Amino acid sequence: AQTVTQSQPEMSVQEAETVTLSCTYDTSESDYYLFWYKQPPSRQMILVIRQEAYKQQNATENRFSVNFQKAAKSFSLKISDSQLGDAAMYFCAYADYKLSFGAGTTVTVRA
Amino acid sequence: DSGVTQTPKHLITATGQRVTLRCSPRSGDLSVYWYQQSLDQGLQFLIQYYNGEERAKGNILERFSAQQFPDLHSELNLSSLELGDSALYFCASSVDSNEQFFGPGTRLTVL
Chain X
1 AQTVTQSQPE MSVQEAETVT LSCTYDTSES DYYLFWYKQP PSRQMILVIR QEAYKQQNAT
61 ENRFSVNFQK AAKSFSLKIS DSQLGDAAMY FCAYADYKLS FGAGTTVTVR A
Chain L
1 DSGVTQTPKH LITATGQRVT LRCSPRSGDL SVYWYQQSLD QGLQFLIQYY NGEERAKGNI
61 LERFSAQQFP DLHSELNLSS LELGDSALYF CASSVDSNEQ FFGPGTRLTV L
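If you're matching them up, the sequences are chains X and L in order.
By the working numbering, the letter at position 71 of the first sequence is numbered 71, and the numbering carries on one by one without gaps.
By the working numbering, the letter at position 102 of the second sequence is numbered 102, and the numbering carries on one by one without gaps.
Think of the hints as simulated: they come from the structure by calculation, not from any bench.
Fair warning: there could be bad hints in the mix.
Residues on chain X that point at chain L, a partial pick, calculated with CB under 7 angstroms [said to hold, decoys possible]:
no.: 1; residue: Tyr33
no.: 2; residue: Arg43
no.: 3; residue: Gln44
no.: 4; residue: Met45
no.: 5; residue: Ala95
no.: 6; residue: Tyr97
no.: 7; residue: Lys98
no.: 8; residue: Phe101
no.: 9; residue: Ala103
With the Cβ distance kept under 8 angstroms, some of the chain X side facing chain L (calculated, not the full set) [stated by the list, open to error]:
no.: 10; residue: Leu47
no.: 11; residue: Arg50
no.: 12; residue: Phe91
no.: 13; residue: Leu99
It should be emphasised that the depicted structure is a prediction, and the values quoted were computed from it without experimental measurement.
By construction, the Cβ of each residue, glycine as well, lies at the ideal position given by its N, Cα and C atoms.
So here's chain X without its partners, still in its complex pose:
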């Protein structure tokens, strides 16, 4: 079974600054997908960004970007120009036929 590890239970960032969330995973597969989901206080799960393992180029979605290191099985999320609305729990997820989630990182944004 794939395991996903998020080693940072909480992260705090000043508004307009940058924060990076860590994620590592374990798999024996060569082709897979990785995701970051955001869960704000409303509890809705919102897809932030996805990365296909066969693509070397790191995915970017506006202020969100990833650093995908396939050999190291690392998939970090960088939030640039942090906004108050970015405050949420962020989950890293590995996809095969299902999603396997990490424990989550709570991001607090300071005004």
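Using the hints provided, position chain L relative to the given structure of chain X.
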């Protein structure tokens, strides 16, 4: 709005009872997934249906069952409820298994 709907939003019931949670996937999505989010277990995959057929099972208890109907909506049935079944239950849908869109969830409280 992900396009996935779930009803009810909240459910409060007593131990030993049975409840049914309902999910309507995004238009065109054949796959439906059920996840449970609890404080102690995190986000866990329960079961997947594809076009009416069970495709994969995760950490789903024998007291729980699901089905997907010809119109592709799905129901998750939870019986002989215990206090520990209190959780947020998510439904997700996808065209393929690599990108899943989540509904708003059903919060179940067992008293």
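Inset, instruction - Could you check the structure against the hints above and give me the numbers of any it violates, in ascending order? - result: none
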